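S.K.: Sequence:
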Amino acid sequence: MCLSIPSKIKSIDEEMNTCVVDTMGVERSASLDLIDKEVVVGDYVLIHIGFAMNKIDEEDALESLKVYREIIDKMEEEERLAAIEESDNCPNR
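Quick note: the sequence shown uses the numbering used here, first residue 795, plus one each step.
Accuracy of the hints is not assured; some may be wrong.
[As the list claims (entries may be wrong)] Derived DSSO-like pairs: lysine-lysine, alpha-carbon spacing no greater than 27 angstroms straight-line:
(1) K802 to K868
(2) K849 to K831
(3) K804 to K831
(4) K849 to K804
(5) K868 to K831
(6) K849 to K860
(7) K802 to K831
(8) K804 to K860
(9) K849 to K802
(10) K831 to K860
I should point out that these hints are in silico values taken from the structure, not numbers from a laboratory.
Source: prediction; values computed, not measured.
Work out the full structure, taking the sequences as your base and the hints as a guide.
M.R.: Structure (structure tokens):
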């Protein structure tokens, strides 16, 4: 199962059309090739298989992150790491 966790844009490489995002403390690179709105550093986006797919409102992003943190707090450490790693390896659908 793939979950699209709100990710905050930390930097943008305009030449490569990519960004670095922070997803609950984990930084990763994502392509901006498929997003249909202009994004800037500080915006929240949803990532799927390495692509920013949607820009989302900060209030909605923070509410979603709060719920994810509540879920994660109830998980064991090993389950947490597996869930984060699995989100990096979601298959194309």
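S.K.: Each hint should be assessed against the structure and marked as holding or not.
M.R.: Quick rundown of the hints versus the structure:
Distance restraint check for K802 and K868: the Cα-Cα separation of roughly 24 angstroms lies within the 27 angstroms cut-off, and the hinted pair is therefore satisfied. With a CA separation close to 7 angstroms, the supplied pair K849 and K831 stays within the 27 angstroms bound. A threshold of 27 angstroms between alpha carbons decides the hint, and for K804 with K831 the separation of about 17 angstroms falls inside it, so the pair holds. As the CA atoms of K849 and K804 are separated by approximately 14 angstroms, the hinted pair is consistent with the 27 angstroms bound.
The suggested pairing of K868 with K831 is violated, with an alpha-carbon distance near 35 angstroms, which exceeds 27 angstroms. With a CA separation close to 18 angstroms, the supplied pair K849 and K860 stays within the 27 angstroms bound. About 15 angstroms separates the Cα atoms of K802 and K831, which keeps this hinted pair within 27 angstroms; it holds. This hinted pair checks out: K804 and K860 have alpha carbons roughly 20 angstroms apart, not beyond 27 angstroms.
For the proposed pair K849 and K802, the alpha carbon gap of about 10 angstroms is at most 27 angstroms, so the pair holds. Annotation: proposed proximity of K831 to K860 holds, straight-line Cα distance about 25 angstroms (limit 27 angstroms).
Hint 5 from the list above is the single one not met by this structure.
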